[in-house]
Amino acid sequence: MNHNHPVFTDNDPQSELVTLNLGPTHPATHGVFQNVLQLDGERIVSGVSTIGYIHRAFEKIAEHRPFYQITPLTDRLNYCSSPINNMGWHMTVEKLLNIQLPKRVDYLRVIVMELSRIADHIICNTIIGQDTGATTTFLYLFQFREHIYEIFEEVCGARLTTNIGRIGGFERDFNDIAFAKINKFLKEFPKALKEFENLLSRNRIFIDRTAGVAEVSKETALDYSWTGPLLRATGVDYDVRVSDPYSSYQDFDFEVPVGTSGDIYDRYLVRNEEMWQSVRIIEQALEKLKSEPKGIFHADVPEFYLPPKQEVYNNMEALIYHFKIVMGEIDAPKAEVYHAVEGGNGELGFYLINDGGRTPYRLHFRRPSFINYQMFAPMSEGMLLSDAIINMSSMNIIAGELDA
Amino acid sequence: MEETTLNNGIQAKLSDKFGEKISAVSEPYGLLTFVTTKDVIINVLSFLKNDLNFNFLTDITAVHYPEKEHGIAVVYHLHNMAERLRVRIKVFISEQNPTIPTATVVWKGANWMERETYDFFGIKFEGHPDLRRILNMDDLGVYPMLKQYPLEDPNRVDKKDEFFGR
Numbered sequence: 001m002n003h004n005h006p007v008f009t010d011n012d013p014q015s016e017l018v019t020l021n022l023g024p025t026h027p028a029t030h031g032v033f034q035n036v037l038q039l040d041g042e043r044i045v046s047g048v049s050t051i052g053y054i055h056r057a058f059e060k061i062a063e064h065r066p067f068y069q070i071t072p073l074t075d076r077l078n079y080c081s082s083p084i085n086n087m088g089w090h091m092t093v094e095k096l097l098n099i100q101l102p103k104r105v106d107y108l109r110v111i112v113m114e115l116s117r118i119a120d121h122i123i124c125n126t127i128i129g130q131d132t133g134a135t136t137t138f139l140y141l142f143q144f145r146e147h148i149y150e151i152f153e154e155v156c157g158a159r160l161t162t163n164i165g166r167i168g169g170f171e172r173d174f175n176d177i178a179f180a181k182i183n184k185f186l187k188e189f190p191k192a193l194k195e196f197e198n199l200l201s202r203n204r205i206f207i208d209r210t211a212g213v214a215e216v217s218k219e220t221a222l223d224y225s226w227t228g229p230l231l232r233a234t235g236v237d238y239d240v241r242v243s244d245p246y247s248s249y250q251d252f253d254f255e256v257p258v259g260t261s262g263d264i265y266d267r268y269l270v271r272n273e274e275m276w277q278s279v280r281i282i283e284q285a286l287e288k289l290k291s292e293p294k295g296i297f298h299a300d301v302p303e304f305y306l307p308p309k310q311e312v313y314n315n316m317e318a319l320i321y322h323f324k325i326v327m328g329e330i331d332a333p334k335a336e337v338y339h340a341v342e343g344g345n346g347e348l349g350f351y352l353i354n355d356g357g358r359t360p361y362r363l364h365f366r367r368p369s370f371i372n373y374q375m376f377a378p379m380s381e382g383m384l385l386s387d388a389i390i391n392m393s394s395m396n397i398i399a400g401e402l403d404a
Numbered sequence: 001m002e003e004t005t006l007n008n009g010i011q012a013k014l015s016d017k018f019g020e021k022i023s024a025v026s027e028p029y030g031l032l033t034f035v036t037t038k039d040v041i042i043n044v045l046s047f048l049k050n051d052l053n054f055n056f057l058t059d060i061t062a063v064h065y066p067e068k069e070h071g072i073a074v075v076y077h078l079h080n081m082a083e084r085l086r087v088r089i090k091v092f093i094s095e096q097n098p099t100i101p102t103a104t105v106v107w108k109g110a111n112w113m114e115r116e117t118y119d120f121f122g123i124k125f126e127g128h129p130d131l132r133r134i135l136n137m138d139d140l141g142v143y144p145m146l147k148q149y150p151l152e153d154p155n156r157v158d159k160k161d162e163f164f165g166r
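So the sequence lines, in the order shown, correspond to chains A and B.
Taken in order, the first sequence gives residues 1 to 404; the numbers are from the working numbering.
Taken in order, the second sequence gives residues 1 to 166; the numbers are from the working numbering.
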């Protein structure tokens, strides 16, 4: 089968096949991307993926922006879990500049990242439910995504594209309301997640629709460079948080769930278990925060961390640092650094080449959605159309991360 | 320290096998980085995958250095999941004739990574099964990540303030 160009059979009246244009704005694709499928009845004969509909040239723009202005670009990669992208970018720059963070900042970051991982997995798993016909579960668990966004709002003022944190820490400390909201979330969410699992995990219809569908072997997944829950569902216990700990993840006690067959049901189970583990991590982080000195929310790096505005107006030193940071007169080492974090969909990597100027010489994002998605079309061959749809939802392809 | 020893072991094995073809070995931020040439790149990748257990292709991308003689660097990141090691391989190729053998023969996942690199840098991956643009439109005509293309044309007239009532 020729994958190279989409084949439209519509103008051939003798053709047995039907061309279906799935996307670019199809409600079932949950994002802006197109698949031109050849259908024999309900079975897919071949498919060609076309992507790039929301390509915004982030890598080019990043070559013209100082480091701290690149954070809003990373927001718009996987916009379902922006804080992970933000933190990944901050940590890349901190690695380049050799900034050591206080433990309290690390733990605060872990809380924010795990909350956004939960938000990301909520979206994916409820949408698998939605696409298999279980709207109740979608509406039921989705409200907790709202609660997570309320926490982000309290921490940074924004909800979806958060631009959370700064290079060297956070822009402000978590306030009491934020902690209260986190505690409330930790109290209420496990009950809801349990109920969600009760509704779906042993549901006959759900299992029939997902188990054994789109099975992927370990070898194939590794060959296609899959990462994240998709890879773990095939049975490979690779998690960047464990294999390459960042932000003090080594201090936490959590497990990496793995599946066996890599089918949609396994992916669903892996994501669910990861939400439980995230809850565990947040609980541990809150516990650890109690023994850390209060009020520390950034590292002591005045050359890179913008001073508070009040200081800038009243303190000569702060004014100088403010000027130097904003005008880009800070020297950063000429070096190359690769830093990876475990995003919602897998290994989110930042490859930064710095030539000593105020902007990166080159910045490349290793975007898990982009790399995971290339297997979708070959995988769909021989699959029922309705199975391909839930396969796509279980891959959790986020258009922003796909197209960068 | 342990990681450094491991990296040295890899470096020694690579040098034994490929000799002069492995050059400019360094270890920025603990990540073993070296330069090789395009005639042996597939052998190097297969050797790393099959003999040194770098089973995972993390990423393929490119960098443009207009001032260098071989101005385009194709950069591969590999990962050894069992020993938790990463390695970065660079191949410098000429801007006039940017060709390099495809890595899809070693990892299928290289397919879209190479298409993306082709799309942005115009690097022809020889033997690639489907080398088309992936993110940009087909008739773009340029390879936008090359340094000679500015981010935005400073002489654009449609963005003048007067058109926006400013």
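Because the hints were derived from the structure by calculation, they are not lab data.
On a predicted model such as this, the values are computed, not experimentally measured, just so you know.
Among these hints, one or two may not hold up.
Unchecked claim - What the simulated footprint calls covered on chain A by chain B, stretch by stretch (three residues with Cβ under 8 Å from a Cβ of chain B suffice, anywhere in the stretch; the number is not a length): (1) 49-55; (2) 59-65; (3) 206-219; (4) 330-338; (5) 345-352; (6) 359-366.
Said to hold, decoys possible - If the Cβ cut is set under 8 Å, some of the chain B residues that face chain A in the computed set are: (7) 31; (8) 35; (9) 52; (10) 80; (11) 92; (12) 94; (13) 108; (14) 111; (15) 135; (16) 144.
We put the CB at the ideal spot given by N, CA and C, even for glycine.
Note to self: Less than 8 Å between beta-carbons is the criterion; does residue 80/B satisfy it with respect to chain A?
What the structure shows: Violated: closest Cβ of chain A sits about 10 Å from residue 80/B, beyond 8 Å.
Note to self: Using a Cβ cutoff of 8 Å, are there at least 3 residues of the stretch 359-366 of chain A near chain B, or does the coverage claim fail?
What the structure shows: Satisfied; 4 residues make the cut.
Check: When the nearest CB of chain A is found for residue 92/B, is that gap smaller than 8 Å?
Finding: violated (14 Å)
Next item on the list: Let me know if the C-beta of residue 35/B comes in closer than 8 Å to any C-beta of chain A, holds or violated.
Entry: At about 12 Å, which exceeds the 8 Å cut-off, the nearest Cβ of chain A leaves the hint on residue 35/B violated.
Next item on the list: Verify the interface restraint on residue 52/B: the C-beta must sit less than 8 Å from at least one C-beta of chain A.
Entry: Not OK, violated: residue 52/B not within 8 Å of chain A, min 15 Å.
Next item on the list: Quick one: see if chain B covers the stretch 330-338 of chain A, three-plus residues with Cβ-Cβ under 8 Å.
Entry: Our answer is that it holds, as 4 residues pass the Cβ test (under 8 Å) against chain B, meeting three.
Item checked: Restraint outcome when residue 31/B is required to lie within 8 Å of chain A by C-beta distance -> holds (6 Å)
Note to self: At least three residues with a C-beta closer than 8 Å to a C-beta of chain B: is that true for the stretch 345-352 of chain A?
What the structure shows: holds (count 3)
Check: Counting residues of the stretch 206-219 of chain A whose CB is closer than 8 Å to a CB in chain B, do you get three or more?
Finding: violated (count 0)
Next item on the list: Using 8 Å as the Cβ threshold, decide whether residue 135/B counts as touching chain A.
Entry: Nearest chain A Cβ about 4 Å off; hint holds.
Checklist line | Restraint satisfaction for residue 108/B [CB to CB of chain A, less than 8 Å] | finding: Holds - the Cβ of residue 108/B comes within 8 Å of chain A, reaching about 5 Å at its closest.
Next item on the list: Mind taking a look at whether chain B covers the stretch 49-55 of chain A? Criterion is 3 or more residues with CB to CB distance under 8 Å.
Entry: holds (count 3)
Violation of the numbered hints given earlier is confined to hints 3, 8, 9, 10, 11 and 12; the remaining hints are satisfied by the structure.
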